[in-house]
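Since chain A is already given, all that's left is putting chain B on it; use the hints.
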Amino acid sequence: MDFRFSPEQQAFQNEVRDFILTEVPQELRWCERTAFTDALWPAVLETRKKLAQKGWATMHWPVEYGGQGASHIAQTLLVEELAYWGMPQAITVDDGPNLIGPTIIRFGSDHLRKTLLPSIASGETYWCQGYTEPGSGSDLAAVRTTAVQDGNHYVINGQKDFISGAARADWIHILARTNPEAPRHRNLSYFVVDMRSPGITLSPLDEAQGRSGMLNEVFFDNLRVPAENLVGERNEGWQVAMSTLNLERSGIENVGHARSFLKDIVTYARETVHDGESLLNIDRVSSKMAEMAVKIEACRLAAYRVAWLRDKGLNPDYESSMSKLLSSEMWQQFTDAVMQVLGHYGPLESDSRYAPLKGRIEEAYIGSIFETIYEGTSEIQRNVIAQRGLGLPRR
Amino acid sequence: MDFALTNEQEMLRTSAREFLEVECPRSLVREMETDDTSHYPELWQKMADLGWLGLPFPEQYGGAGLSFQDMAVLLEEMGRFLLPGPFFSTVVLCGQAILEAGTSDQKADFLTKIASGKLIMALALTEPSAHYQAGGISVRADLSESNYVINGIKMFVSDGQTADYFIVVTRTNEGANPREGISLLLVDARSPGITVNPLRVMGIDKQAEVVFQDVRVPSDHLLGPAGEGWALVEKLLAWGATGKCAESVGGGQAALDLTVEYVKTRQAFGQPIGSFQAIQHHCANMLTDVDTSRWLMHQAAWLVDKGEFQSPEISKAKAWTSDAYRRVTTLAHQCHGAIAFTKVMDIHLYHKKAKINEILFGDAAFHWEKIAGAL
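Line by line, the protein sequences give chains A and B.
Taking the numbering used here, I'd label the letters of the first sequence as residues 1 to 395.
Taking the numbering used here, I'd label the letters of the second sequence as residues 1 to 375.
So here's chain A without its partners, still in its complex pose:
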C-alpha cells in the first residue's frame, strides 16, 4: 500500500492551486449562495471554460473522446483542491464532465457522442440532472413523467423537482416512463434534452440557506425530443441512471471544504483570546477540532478509495455510497462543531463586521442540512451498503 500522491500528482496539485490563486476571480471563493446570480454567473462560466481549456474538466475521460486518460485519483485531487478553495458546485461537481459525459461515453450512440461530448469537454454547455419528481425522490423508479413516441420524436409530459442549476443549464438529462404496462425499473428511458426546447418552463425555489434560483421545478408540457436523444436502450433507463448515480456519489468536495474550514477555525481559535485564555487552549474546543480532523481523514481515505477502485477498473458500488454517506454526515457534524466553538458569533451573517471566518459558517451550517438528502438520502445510502455491500435481502 501507498498513501502518497505521486510526484506528478503533487506537481499537478500545485498547478491547480496556482491556477485558482492567479486566474480565478477572488469573488468566486465561497460564493455558493450567489454563484447563480447575474453578478457572478459570467465569472463562473469563464472559469469553467478555463478549466476546460487546460483539459482538466475532462481529464479522466478517455483520450479518444477528448479527455487525457488521467487517473481518477488525479481527478479526485482536482475536485478536492477546487473545493478547498471554495469554488462553487457549478465548477467542482459539474454534471457535464462528471456525470452525463461518462454516461454518454458508456451508453450513448455514436451520434450523441459526436454531437454532445465536444461541447461538454470545452466547457461550453452546462448540464443539469432531471430525475427527482414531487412523488419520486428516494423512490426514484416511481417516475410519473411520460414519454410517448410520435414518429421520430418522443412527446414528454410531467414535472421534475429540486433540479440543481436548471435555470442556467443548456441541457438536462432525464428519466421518463416509456411503457406504462411494464413493471417498475423496466419501463423507464433516459433522455438528453435541450433546455431551450419549447414546452419547458421553470419555477425557482428559495432555499433555507438563502440561495435563490439554483433549485428549480421544471415542467414539461408536450415537449418534443428527437428519438435519437435516447441514451441507452428504450425501457432500460434504470441501469443507465444507476450508473450515473454511482458516479455522483463522491464525498471529496465536503472533504476539501472541511479541510479548509478546519485550518481557518484553528487559526481563529488560536488567535481569539477570551478572559486571557486562547480558545484553542480550552479542552472542549481542541478535542472537538481533533475529533473532526479524524473524521475528515476517514472521509478522505474513503473518497480516494473509490477513485482507486475506478482506476483499477473495478466498478465501485457500495463504496461510493459509503463515501457519500460518510462525508455528508461529517460535514453536518463538522459545521455544527464549528458553530459550537464560535458560540454567539457563529450565526452572524456574512455582512456583519463581527462575523468570524467571513461569515462562511452560517451559510455552511444551514447548507449542510441538504447534504444528507440530495444525491440519495443517508437512508438510501445505508440501504445500498447493506444490500449491495453485505448482500442483505431486499423486502
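If you're looking for bench data, these hints aren't it; they were derived computationally from the structure.
All of these numbers come straight from a predicted model, not from anything done at the bench.
Wrong hints could be hidden among the right ones.
[As the list claims (entries may be wrong)] Some chain A residues near chain B, calculated using beta-carbon distances under 8 Å:
#1 Arg4
#2 Pro7
#3 Val266
#4 Tyr268
#5 Arg284
#6 Ser287
#7 Met289
#8 Leu325
#9 Gln387
#10 Arg388
[Unchecked claim] Calculated cross-link-like contacts (lysine to any residue; reagent style SDA-like; alpha-carbon spacing at most 25 Å):
#11 B/Lys264 - A/Lys312
#12 B/Lys235 - B/Asp305
#13 B/Lys343 - B/Arg30
#14 A/Lys49 - A/Ile20
#15 A/Lys312 - B/Leu5
#16 A/Lys312 - B/Ala365
#17 B/Lys235 - A/Glu379
#18 A/Lys263 - A/Lys49
#19 B/Lys113 - B/Gly152
#20 B/Lys306 - A/Lys49
#21 A/Lys263 - B/Ala365
#22 A/Lys312 - B/Gln69
#23 B/Lys113 - B/Thr37
#24 B/Lys343 - B/Val29
#25 B/Lys264 - A/Leu390
#26 B/Lys306 - A/Phe3
C-beta atoms are modelled at their ideal positions from N, C-alpha and C, and glycine is treated no differently.
Then chain B, alone, in the frame of chain A:
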C-alpha cells in the same frame, strides 16, 4: 496511492486465516477467557514454527525480516480469531523495541530466543496513574555501582503473569521535562524483589500488577541510552496503537460477519430480520466503521514503516478505531438480540475485546489531545 495488499501480504493473510481457523477455534478462546494466563504452549510453539514469533526480525536472529505493514496483516487475522496469549507483548512490543534499540549482544540473545518460542516478554509501562504520558513514569531505577535498583509499581501490564522477562520503563533522573530521565531496562521476571499480582480483567486479555522492591538489574541490561528512553517509548506507543488498530479491524470484521450471517437466517414477522431497514442500517453503519478503520489503520502502518512515528495520522487511526470497534460490537449485540448476551454465542468475546483495545495505548480522547497539539 495504492490501496492493495501485495501478493505476499495476501498469501500471509490466507495462510494465517487457515492456520488460526484450525488452531484457534472459539472454543479455545472461551477456555482461555477463564484461564490464568491465556498462554497455550502448544499453539505458541506452532506459531514459532510458522515464523510468526520472529516476523519482524532479520534472518540472523531466526526472523523473517517483514515490515510493520506485513505485521498489520497478521494482527488483523489474530484480531479476527481473538488469538489469546502473549504475541503482542512479546513480538510487537518487546521484540521490536529490542530490535530497534538493543546492543548486538542483546539482539542476538533476546531476539533469537523470542523467534524460537523460548522467551515470553511483557512491557511494564503504565503505572497506577494509568496513562501514556511521560509524567506518568515514576518507578525509580537508581544506579548503585554496576546495578540499577528498581522500586515502584507497574500496573495493567499485559501478560505480566506469563512473561519470562520484562521491559521496564523507569525514571533514572528527574528532569525539568518529564520526557527526560527515562530509561528502559530488561528485567528477569524471576529477579528477587518482583511480585506479580494478576488482575482479573474482562475478556481474554491478561493483565497484572508488577511490584518492584529493591530489584537489582545489571547496568548492561539497559535498553537504549540511559535517560533518553522516552524516544523509544514513543515508538512503542506507535507500534502498540497501530497494532491494536489492526487487531480491532479484524475483530470488527468478524463481529460484522457473524451478524450478517445471523440476520440473514433469523426470522421474525415471517421474514429474515436482515430484510428490515432498521437492521440493514445497523449493518451498514458497522461496515462503514470497519472499512474506514481498515484504511486509517493501513495508512498508520505505512507511516510506521516510513519511520514517521510522530505522525498525527497514527493518532487519527487509533482515535477512530477505538470508538469504531466498540460501536460495531454494540450494534452486533443489538442485531442479535438477547441470545448473544448469553455465552451461547461469541459476540460478547468481541465486545469485551473492543473495550480493552480501546483503552490500550490511548483511547479517542487521549489521541484527540495529541492531534490537537499538531493542529
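Going down the list of hints, with the structure as the test:
Here the hint on A/Arg4 is kept, as its CB sits about 7 Å from the closest CB of chain B, short of 8 Å. Among the interface hints, the one on A/Pro7 is violated; its C-beta lies about 13 Å from the nearest C-beta in chain B, farther than the 8 Å criterion. Because the beta carbon of A/Val266 sits about 5 Å from the nearest beta carbon in chain B, less than 8 Å, this interface hint is met. Interface hint status for A/Tyr268: violated, as the beta-carbon distance to the closest one in chain B is roughly 12 Å, over 8 Å.
With a cut of 8 Å, the hint placing A/Arg284 at the interface with chain B is violated, because the nearest CB-to-CB distance is about 11 Å. For A/Ser287, the interface hint holds, since its Cβ comes within 8 Å of a Cβ in chain B; the closest pair sits about 5 Å apart. The restraint placing A/Met289 at the interface with chain B holds, with a minimum CB-CB distance near 6 Å, inside the 8 Å limit. Proximity of A/Leu325 to chain B holds as hinted, the smallest CB-CB distance being about 7 Å (cut-off 8 Å).
Nearest Cβ of chain B to the Cβ of A/Gln387: about 7 Å, under the 8 Å cut. The hint holds. Of the supplied interface hints, the one on A/Arg388 is violated, with its beta-carbon coming no nearer than about 10 Å to a beta-carbon of chain B, more than 8 Å. With a CA separation close to 31 Å, the supplied pair B/Lys264 and A/Lys312 exceeds the 25 Å bound. A C-alpha spacing of about 11 Å is found between B/Lys235 and B/Asp305, which places the hinted pair at or below 25 Å, so the restraint holds.
As the CA atoms of B/Lys343 and B/Arg30 are separated by approximately 9 Å, the hinted pair is consistent with the 25 Å bound. Between A/Lys49 and A/Ile20 the alpha-carbon distance is near 13 Å, which keeps this suggested pair within the 25 Å criterion. For a cut-off of 25 Å, the pair hint linking A/Lys312 to B/Leu5 stands: about 13 Å separates their Cα positions. The suggested pairing of A/Lys312 with B/Ala365 is violated, with an alpha-carbon distance near 37 Å, which exceeds 25 Å.
At most 25 Å may separate the alpha-carbon atoms for a hinted pair to count; B/Lys235 and A/Glu379 exceed this at roughly 42 Å. Restraint check: the Cα-Cα separation between A/Lys263 and A/Lys49 comes to about 30 Å, which exceeds 25 Å; the hinted pair is violated. Restraint check for B/Lys113 and B/Gly152: not satisfied, since their Cα atoms lie roughly 28 Å apart, outside the 25 Å limit. With a CA separation close to 41 Å, the supplied pair B/Lys306 and A/Lys49 exceeds the 25 Å bound.
For the given pair, A/Lys263 sits about 21 Å from B/Ala365 by alpha-carbon distance, which is consistent with the 25 Å threshold. Restraint check: the Cα-Cα separation between A/Lys312 and B/Gln69 comes to about 22 Å, which is no more than 25 Å; the hinted pair holds. Using a Cα cut-off of 25 Å, the hinted pair B/Lys113 and B/Thr37 holds, with the two alpha carbons roughly 20 Å apart. Restraint check for B/Lys343 and B/Val29: the C-alpha separation of about 12 Å stays at or below 25 Å, so the hint holds.
Taken as a hint, the B/Lys264 and A/Leu390 pair is honoured in the structure, with Cα atoms around 10 Å apart against an allowance of 25 Å. Proximity of B/Lys306 to A/Phe3 is assessed by CA-CA distance (about 11 Å); at most 25 Å being required, the pair is judged to hold.
Violated hints for the displayed structure, listed by number in ascending order: 2, 4, 5, 10, 11, 16, 17, 18, 19, 20.
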